[in-house]
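Undergrad: Could you slot chain B onto chain A? The hints should help.
Keeping their order, the protein sequence lines are chains A and B. Okay, so the first sequence: first residue is 0 according to numbering that gives the first Met the number 0, each after it adds one. Okay, so the second sequence: first residue is 0 according to numbering that gives the first Met the number 0, each after it adds one.
A portion of the hints provided could be inaccurate.
As the list claims (entries may be wrong) - Calculated pairs, DSBU-like style, for lysine-lysine (alpha carbon to alpha carbon, straight line, at most 35 angstroms):
| # | chain 1 | residue 1 | chain 2 | residue 2 |
| --- | --- | --- | --- | --- |
| 1 | A | K303 | A | K209 |
| 2 | B | K271 | B | K209 |
| 3 | B | K209 | A | K271 |
| 4 | A | K322 | A | K209 |
| 5 | B | K271 | B | K303 |
| 6 | A | K209 | B | K271 |
| 7 | B | K231 | B | K271 |
| 8 | A | K209 | B | K209 |
| 9 | A | K209 | B | K303 |
| 10 | A | K271 | A | K303 |
| 11 | B | K209 | B | K303 |
| 12 | A | K322 | B | K209 |
| 13 | A | K209 | A | K271 |
| 14 | A | K303 | A | K322 |
| 15 | B | K231 | B | K303 |
Don't read these hints as lab results, they were simulated from the structure. Just so it is clear, the structure is predicted and the values come from calculations on it, not from any experiment.
2 protein chains.
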Amino acid sequence: MAPFQLQSPLDMHLHLREGDLLNLVAPLSARAFAGAVIMPNLVPPVDNAARLDSYRAAVDTAIGDAVFEPYMTLFFRPYTADELEAMRSRIVGIKLYPAGVTTNSEAGVRALQEAEPTLGLMQELDIPLLVHGESNGFVMDREAEFMPVYEHLARTFPRLRIVMEHITTRQAVAFLDRYANVFATVTLHHLVLTLDDVAGGLLAPHLFCKPIAKRPEDRDALLAAALSAHPKLMFGSDSAPHPQHSKECAGCAAGVFTAPVALPMLVELFEKHDALDNLQAFVSDNARRIYSFTPAPKAVSFVKEATVVPQRYATVLPFGAGKTVAWRLSETGQTLV
Amino acid sequence: MAPFQLQSPLDMHLHLREGDLLNLVAPLSARAFAGAVIMPNLVPPVDNAARLDSYRAAVDTAIGDAVFEPYMTLFFRPYTADELEAMRSRIVGIKLYPAGVTTNSEAGVRALQEAEPTLGLMQELDIPLLVHGESNGFVMDREAEFMPVYEHLARTFPRLRIVMEHITTRQAVAFLDRYANVFATVTLHHLVLTLDDVAGGLLAPHLFCKPIAKRPEDRDALLAAALSAHPKLMFGSDSAPHPQHSKECAGCAAGVFTAPVALPMLVELFEKHDALDNLQAFVSDNARRIYSFTPAPKAVSFVKEATVVPQRYATVLPFGAGKTVAWRLSETGQTLV
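Excised from the complex, chain A in its bound form (with noise of 0.2 angstroms):
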């Protein structure tokens, strides 16, 4: 079987940490992706200049040479309209964890009110705004029960892109029909789990994560959006790291570290649906569209080879440790690997 070629492939949603992690983790997405867009919720979070640019330093230290660009983004809180004109062309987005939105959406709206002159200033500025959207109620309905949120939110800020991060019910991928502002990452994992994976056998924390995987229903309805490419929805791996003794514990971290595995996995699935014509559009030409970049010229190539996924890397058991993918991440445009 000839090989299968995706151009400058993209990760939309990327969480690569600090210190020994970054050094860890950053070098695998920079080998298989051509950009990725990078979380800022680190403690203390990325939410100055300052900040931003120590970030993308040690960021680009880890990268060295790949053709990899990091998208910086900055954490939310109330800007003022200097701050964000002096840092907008170093940031594609600023992410916003609505922290106390409560299953009351009213509530919820409320409590986004005092974000609302920073929202007003990012539609001026055309700078995208990133939402983990969660409301506080029960684990399995907190992402619906978020949806009017988001059409608060969409309808106040017409000319403001809101991306709805990491979905994982069939009510966000309805909800991507209903405005045209409204966009949609989701991840490689929840377009295979179900809460059935997590918890249905044995517990398997390395396979918990937040948003948590959601109902078979819903998993279909990403899987459905994802095969299609459905023109708003975009691949965001929201691949992170933990070492090991923080996912196999008493109080067990959130998050799957897929960053690595994404793009095999990625071509096998969408070849098992007969879907490959799609992929392209759905890891990289629906991001560049909604996002109005370019980014750098970047072939990646895969060959049809079982290959086993590595139990870890180094202190981190990635998703499928140990498993057979049916394809393997051959060569980049810079580097046969």
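TA: This is chain B only, laid out in the frame that chain A set:
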């Protein structure tokens, strides 16, 4: 505040294991309870007279001289009339784990057909049927999907006492009132937990059990039935000791170890809801009536004295480890503790 006393509290669903674990946990149950229904799902299962007698002997040895009756059960398989008649006086029920029951209720009922001659014999010999009622469906739906199987059993064997074990849903609570021959046990942890406690924050493997804790409205229905001493509902801890390394790992075993803490926590819970007067029925009287047996007299007293739950019992972490409970088991009819 005066001590609170329970007369011969019973645990109608208990896993005692074998070997070292049995010797660790049996005395903890024997201290607090007057008796318990002992589950037979060992390897090999308890499904013949020799195994039944040897397991009973091991349990008796582990209990020592405590006043505590281990009500023995058999693991379901097709039994002959001779077998059941010979063991009738040594058991209080037969436990059915309906492996292979699918979400399709018709297929589920069909899978039970080969069990029906034995169920008929059990009806004639007045041997209760204890059922782990879950389908093979999505983890949050498995118990509710099983209700048609209970319905089929209740109609086909109207004189067979059927106990829905460790119920977790509002559907099972409602089903209690539909057939005179259907009863249920409920655990302590399902009266207080929802899936939010297991997976809504950090993942909590020590709260992971089967059936998994469900939605708030399920927990509320279970709690209301228990607090009101629903006459067909009995306390059964489903206490299941697992060594810490089996809970904090990549594939964590299901089960919550509640036996040593269940009664003080139930006193606290019922007091908080102003329902202490109903606790005696929930933890003893209902079971005596449903099972038609009389436990040995054993008064168990509790004093209202804030007490910290031990962090561990040898290798096993108990429910609520390190938390403070408002009541403490002070003495039994036999020994001052």
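Undergrad: Each hint: holds or not?
TA: Hint-by-hint comparison with the structure:
1. A:K303 <-> A:K209: holds (32 angstroms)
2. B:K271 <-> B:K209: holds (27 angstroms)
3. B:K209 <-> A:K271: Since the Cα atoms of B:K209 and A:K271 sit roughly 33 angstroms apart, the hinted pair holds (cutoff 35 angstroms).
4. A:K322 <-> A:K209: holds (23 angstroms)
5. B:K271 <-> B:K303: holds (12 angstroms)
6. A:K209 <-> B:K271: Distance of about 33 angstroms is within 35 angstroms: holds.
7. B:K231 <-> B:K271: Satisfied, since the Cα-Cα distance of roughly 23 angstroms is no more than 35 angstroms.
8. A:K209 <-> B:K209: Given that 35 angstroms is the threshold and the Cα spacing comes to 22 angstroms, the pair holds.
9. A:K209 <-> B:K303: The hint is violated at about 40 angstroms.
10. A:K271 <-> A:K303: holds (12 angstroms)
11. B:K209 <-> B:K303: holds (32 angstroms)
12. A:K322 <-> B:K209: holds (27 angstroms)
13. A:K209 <-> A:K271: OK: A:K209 and A:K271 at ~27 angstroms, within 35 angstroms.
14. A:K303 <-> A:K322: Roughly 15 angstroms separates the two Cα atoms, so the pair holds.
15. B:K231 <-> B:K303: holds (29 angstroms)
This entry does not satisfy hint 9, going by the numbered hints stated previously; all others are met.
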